[in-house]
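Residue numbers (the working numbering), protein chains in the order written: chain A, 12 to 356; chain B, 2 to 346.
Honestly, the hints are just simulated from the structure, not real lab data. Warning: the hint list may mix true and false statements.
So these bits of chain A aren't anywhere near chain B, every CB distance computed over 10 Å [claimed, not checked]:
id	residue
1	Glu97
2	Pro108
3	Gln110
4	Gly118
5	Pro124
6	Ala155
7	Gly168
8	Pro169
9	Thr228
10	Ala260
11	Glu292
12	Ser339
Among chain B residues calculated to face chain A with C-beta under 10 Å, some are [as the list claims (entries may be wrong)]:
id	residue
13	Ala118
14	Ala211
15	Arg225
16	Tyr230
17	Ala289
18	Asn321
19	Pro342
Small disclaimer: the values here were computed from a predicted structure and weren't measured. Built from N, CA and C at the ideal position, the CB exists for glycine as well.
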Amino acid sequence: MDKLSTLINGAFSRRKFLAGVGVGAGAVATLNLSACGSSSTTPTTPTPTTPTPSAPTDADVLNFALNLEYLEAQFYLYAATGSGLEASDITAGSASPYQTVGTVTLGDAAAVPGLTPAQQEILNEIAYEEQEHVRFLRSALGTAAVPMPDIDLSFFGPLAVAATITTAATGAGSFNPFSSFDYFLVGGFIFEDVGVTAYSGAAPLISPAGVAAGYLTAAAGILAVEAYHAGYIRTSLTGRAIAAGSNAAYPYLGAANLVEDLRAMLTVGDSAAPSTTGSVETLLTLPTSLTTPSSIVAASAANAVGFARTVNQVLHIVYGSPTVGVKSGGFFPSGTNSIFATTTA
Amino acid sequence: MANQETLVLDDIIATNRRKMLTLGVASLASLAVAGLGVPLAKAAASYTDSDILNFALNLEYLEANFYYLAAFGTTIDVANAASMGAGALQITLSGTVGTPGTVSGGSQVPFSTIPVASYAIETAVEEGKHVQLLLTALGSSAVAQPAVNLGTSFQALATAANIPGGASFTPYASDDNFLVGAYVFEDVGVTAYHGAASLLTVPANLVTAAGILAVEAYHAGLIRTTINYIDPTGTSIGSYTNLISTLRASLSQAGLLGVAPSPYDSNPDDYGLATFSVSLAGGANATATRLTDADPTNVIAFARNTTQVLNIVTGGGAVNGTTVVSPAMGVFFPAGMNAGPNGFK
Chain A
12 MDKLSTLING AFSRRKFLAG VGVGAGAVAT LNLSACGSSS TTPTTPTPTT PTPSAPTDAD
72 VLNFALNLEY LEAQFYLYAA TGSGLEASDI TAGSASPYQT VGTVTLGDAA AVPGLTPAQQ
132 EILNEIAYEE QEHVRFLRSA LGTAAVPMPD IDLSFFGPLA VAATITTAAT GAGSFNPFSS
192 FDYFLVGGFI FEDVGVTAYS GAAPLISPAG VAAGYLTAAA GILAVEAYHA GYIRTSLTGR
252 AIAAGSNAAY PYLGAANLVE DLRAMLTVGD SAAPSTTGSV ETLLTLPTSL TTPSSIVAAS
312 AANAVGFART VNQVLHIVYG SPTVGVKSGG FFPSGTNSIF ATTTA
Chain B
2 MANQETLVLD DIIATNRRKM LTLGVASLAS LAVAGLGVPL AKAAASYTDS DILNFALNLE
62 YLEANFYYLA AFGTTIDVAN AASMGAGALQ ITLSGTVGTP GTVSGGSQVP FSTIPVASYA
122 IETAVEEGKH VQLLLTALGS SAVAQPAVNL GTSFQALATA ANIPGGASFT PYASDDNFLV
182 GAYVFEDVGV TAYHGAASLL TVPANLVTAA GILAVEAYHA GLIRTTINYI DPTGTSIGSY
242 TNLISTLRAS LSQAGLLGVA PSPYDSNPDD YGLATFSVSL AGGANATATR LTDADPTNVI
302 AFARNTTQVL NIVTGGGAVN GTTVVSPAMG VFFPAGMNAG PNGFK
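Assemble the whole structure, with the sequences as input and the hints as a guide.
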């Protein structure tokens with residue numbers, strides 16, 4: 012098989028993915044050993060009823076990830092230090108079609124008060140690691156790097172209302188992830204599983220040339236770091252709930268599960284979103300004995316393989332909208348700086 | 002698009018692969034540039050997706066038996082009340098390639114805390130599902146479960162790592178000891194799947210491998226977080242993680258044997274839980290935990306090639322001076338891994 016057909020097939024599979032019928036909905040993780048080197052298998056025509064964008068470039072894929080990393084980095088940096096990314100970390104690459112550097116709507120964003128030294132060190136770590144992901148992606152993209160879009164860190168409040176968290180964790184008050192360590196954990200929880208699945212979903216979009224350039228390996232390595240973070244957040248919520256003794260005594264675990272419910276609901280508008288039999292959420296549980304399993308890992312119940320989300324599914328979550336055709340909202344009030352900015356399925 | 006650069010790259014890849022075959026060495030991650038859809042390289046490759054997945058299966062046999070024994074007091078092929086109560090799969094050892102071996106050592110941990118017990122049970126269940134997934138996918142190509150030593154192996158490793166009392170160390174004695182035993186495995190699983198990701202040729206396999214990679218990283222995050230909560234200042238088990246990581250990094254570097262490492266491997270390629278200094282948002286340096294095992298600059302998880310991984314799990318058995326030993330034997334795999342004719346062992 013020649014190189015050209017490989018590239019064409021790769022483009023087809025990527026379009027298929029974008030159309031929402033690809034491998035992104037991770038509940039159907041499979042292994043296929045029948046055709047090793049099967050980039051030579053017959054390409055399938057994309058579903059005709061769905062608009063078919065042209066195949067994204069690797070820069071498009073990495074820039075989408077960069078938008079998400081900007082969001083995560085700003086959240087964790089403000090939580091850890093009360094300051095955000097340096098100006099030099101959010102500028103536009105000279106070749107980027109997006110040249111306007113966005114601003115951060117802070118809302119309640121501030122250094123989380125009342126942390127123990129050990130908790131502060133943990134926030135410092137995650138903030139640093141997301142900051143370095145921003146820098147790594149910007150470096151890899153060079154002049155193609157998009158600038159930071161507008162980011163709204165006050166969206167946690169409306170999101171929590173939508174998730175009905177106000178009645179569970181905070182009583183009549185509004186949800187503020189910057190108000191305590193436990194609220195921070197719930198805030199972090201909103202992003203971390205999503206980050207893991209976004210990288211899983213994006214991996215197949217990377218072109219053969221991009222694979223050769225090492226992008227796939229880089230994405231897999233960042234995916235792993237996001238999963239470390241998610242493991243940390245979920246372990247902390249579970250451990251603190253066990254220590255408190257009940258869901259009533261530690262309402263943050265229940266609040267995190269409400270976030271999961273909301274994420275699932277938001278992706279309903281995506282025609283490729285899994286049904287109830289294929290959820291990409293794994294609810295946290297409160298183990299109550301020495302013989303009860305925990306539920307730290309978010310993965311398929313059938314085979315313990317981590318989930319993937321399509322670009323569309325990720326957009327629905329960060330825009331806080333289940334609607335098709337939405338191009339901004341939620342954490343990104345002016346949209347993402349990306350060719351993927353609009354929900355298409 | 003194919004351009005001059007990628008054509009040149011393909012030539013380099015093909016040349017390197019031939020060199021690899023001459024050496025008889027599976028130096029994989031260093032050739033991570035030769036991933037999906039690069040047909041020229043593929044034609045020269047001697048391994049298949051089955052070889053890569055069988056390598057993973059050997060590691061999953063090891064991990065699953067460790068967690069089953071610790072959580073339930075039984076191996077993966079024998080059900081008991083504890084394993085059935087937790088919903089853990091009873092694995093039919095259907096793999097036939099290679100030489101079947103037995104599992105020695107290991108016993109149920111007398112857990113005393115709910116968090117650690119519940120994590121052990123969850124992880125056992127998930128690793129069992131990974132074994133089953135790979136066995137099912139590989140079918141008649143699946144390797145048999147090799148001889149696995151889960152008893153004296155830990156004493157050998159603990160001694161080599163200079164853990165106090167290492168000569169009598171057993172991970173089955175207490176909650177704390179179990180966490181140290183689990184620590185030995187989890188980060189290694191992450192680096193192994195990361196190193197292999199870009200070598201898989203079937204896109205569906207890549208997605209699944211990425212999903213398993215995520216789960217291994219969730220587990221690793223879980224273990225590191227839990228150890229950090231128990232010993233935040235590194236006076237007991239926290240300090241052991243530094244010793245273990247130093248040993249793993251040393252064995253990993255020895256496994257390179259002059260072959261260029263992956264772009265996402267460095268020296269050292271392993272960090273324990275000792276804190277480190279970071280610069281956040283342009284402010285003064287701050288102290289951070291290290292709940293993520295990744296390079297401190299780009300914060301991308303490490304990728305190891307199969308020889309590096311083999312050298313770790315065999316306690317140096319993959320290397321004799323400057324020569325590769327195949328099959329690598331020792332420590333956890335006293336008779337080596339099982340592999341197909343061109344597989345990794």
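These are the hints, each one checked on the structure:
Not every Cβ of chain B is farther than 10 Å from the Cβ of A/Glu97; the closest lies at roughly 4 Å, contradicting the non-interface assignment. At roughly 20 Å, the least C-beta separation between A/Pro108 and chain B is larger than 10 Å, which holds for a residue marked as non-interface. In this structure A/Gln110 is separated from chain B by more than 10 Å, as the shortest Cβ-Cβ distance comes to about 23 Å. Its beta-carbon lying about 18 Å from the closest one in chain B, A/Gly118 satisfies the requirement of being farther than 10 Å from that chain.
Interface exclusion of A/Pro124 from chain B stands, the closest Cβ pair being 16 Å apart, more than 10 Å. For A/Ala155, the requirement that its beta carbon stay farther than 10 Å from each beta carbon of chain B is met, with the minimum near 16 Å. Distance to chain B confirms A/Gly168 as a non-interface residue, since its nearest Cβ pair spans about 23 Å, more than 10 Å. At the 10 Å boundary, the C-beta of A/Pro169 stays outside the reach of chain B, the nearest C-beta of that chain being 26 Å off.
Against the 10 Å criterion, A/Thr228 falls within the reach of chain B, whose nearest CB is about 5 Å from its own CB. At roughly 14 Å, the least C-beta separation between A/Ala260 and chain B is larger than 10 Å, which holds for a residue marked as non-interface. A cut-off of 10 Å between C-beta atoms confirms that A/Glu292 is not in contact with chain B; the least separation is 14 Å. No beta-carbon of chain B is positioned within 10 Å of the beta-carbon of A/Ser339; the least distance is around 26 Å.
The interface hint given for B/Ala118 holds, since its Cβ lies 4 Å from the closest Cβ of chain A, which is under the 10 Å cut-off. The criterion of a C-beta within 10 Å of any C-beta in chain A is met by B/Ala211, whose closest approach is roughly 5 Å, and the hint holds. Because the beta carbon of B/Arg225 sits about 8 Å from the nearest beta carbon in chain A, less than 10 Å, this interface hint is met. Residue-level restraint check for B/Tyr230 holds (minimum Cβ-Cβ distance to chain A is 6 Å; threshold 10 Å).
Checking B/Ala289 against chain A: minimum C-beta separation of about 4 Å stays under 10 Å; hint holds. Because the beta carbon of B/Asn321 sits about 29 Å from the nearest beta carbon in chain A, more than 10 Å, this interface hint is broken. Because the beta carbon of B/Pro342 sits about 14 Å from the nearest beta carbon in chain A, more than 10 Å, this interface hint is broken.
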